[in-house]
Amino acid sequence: MGASDVCFSYLATEVDYADQAVIYQEGSEGDWIYVVLRGQVKMKKATARGPVVIATLKEGDVFGELGFFDKVNRARTETIVADGPVHLGIFDIPSLDREIDSASPRFRILLRTIVYRLKETINKIGSVVAE
Amino acid sequence: MVETKDKEPPSILLNYKKGDLIVKEGDYGVSIYKVVSGRVKVSKESPDIEITLSVLGQGEVFGEMAFLNKGKEVRSASVRALEDCALEVWHPASLLEEYGAMSPVMKYVIGHTLNRFLRMNVLYANLLAKKKQEKVKVSHKARSDRKQRRKTIERQCVYRPMDPSAGAKLQGRVTDISMIGMGIDVSSKNIGFFSHDPGKEFHVVTSLPSGLGLEMACQMKSIRNKEDMPGRMRLGLEITSLLGESAKRLGFFMTT
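Protein chains in written order, with our numbering: chain B, 1 to 131; chain H, 1 to 256.
Same shape as in the complex, but just chain B (with noise of 0.2 Å):
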């Protein structure tokens, strides 16, 4: 399923970011769910040596989401960063909500322990690398 295909019906809003400009800050609360339409981001984590790059993100690809998963602590695990001018879509978080909330209990439990460990490992990276 390629990014086209899901992103024009499901989309609530489309927005531009020019070079270097910061879509989101590592920290911040938001549960808002973007996809790259076009150009790219980079995914930056904080460390003691100052920010690391840990992922570029091209046309297609998905970021914000854990904010959204993790209703219990929404604050951003990385600085996501306009690579070049960018055009991004939003996801259309309410229905989305509805749709996450009528999943089964074991479903949601499943995914919010995958999400918890996906922050971890987010953050144990950014400790080997500023190691």
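It should be emphasised that the hints constitute simulated quantities derived from the structure, not laboratory data.
This list has only true hints and no planted wrong ones.
One side of the interface only, derived from the structure: several residues of chain H facing chain B at Cβ under 8 Å: (1) Glu64; (2) Trp90; (3) Met102; (4) Met106; (5) Phe117; (6) Asn121; (7) Leu127; (8) Asn225.
Here are the simulated SDA-like cross-link-like pairs (lysine to any residue), alpha carbons at most 20 Å apart as the crow flies: (9) B:Lys45 / H:Leu127; (10) H:Lys130 / B:Ile54; (11) B:Lys42 / H:Glu227; (12) H:Lys107 / H:Leu118; (13) B:Lys42 / H:Phe117; (14) B:Lys45 / B:Asp61; (15) H:Lys18 / H:Arg80.
Ideal Cβ positions, reconstructed from N, Cα and C, are used throughout, including at glycine.
Add chain H to chain B, keeping to what the hints say.
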């Protein structure tokens, strides 16, 4: 109002005594567990050393990889009861069915999260392995210069786990090769098919620029994301044996 799903399969509740092994690293397993009471220890148990990865308590889940790999991969760590505990056991089938029935956009988003989870685990394991290697003295000084020389090539390859029943055959691009190792460029989606952890043994088939075929047994040494090419990963493999005519062919290729 939304209706909550109440058709979950009945849960199994199992009791374990302190010290009991619940999940064995290296064994096949499909169960996903939730701790109802007590605590468990998650650890990597290699022959010489045991590394505790985490301690889990009430409400926490383990064994979740069985959902991601549909039980086709062996367990990546062992789990032992730290004290007497009660665990709720789930089968991934109904969870996978539920996931399959979700909207395309939800599956797209969750699919990305799951893939990121797998890739981050690989990246982390590789970083740890590198750190460990830096602390261990290299004792393999006997390799000759000729053997260590590497050549850049761009050849398609097909690889699979050494055990043919264990997984799909996947494609990759060999980017460089020497008598003792090679680098292969693959799609990150490949990690979802079978484990690419350091130490895993693969059967690799490729060819030289001349067209002559090469067949070898290799061992995963390292894996990393390609910063300049998201969606691609670079595998570093050690050649453990060259099969059939491959030794002669590769040897000749490396000297010319």
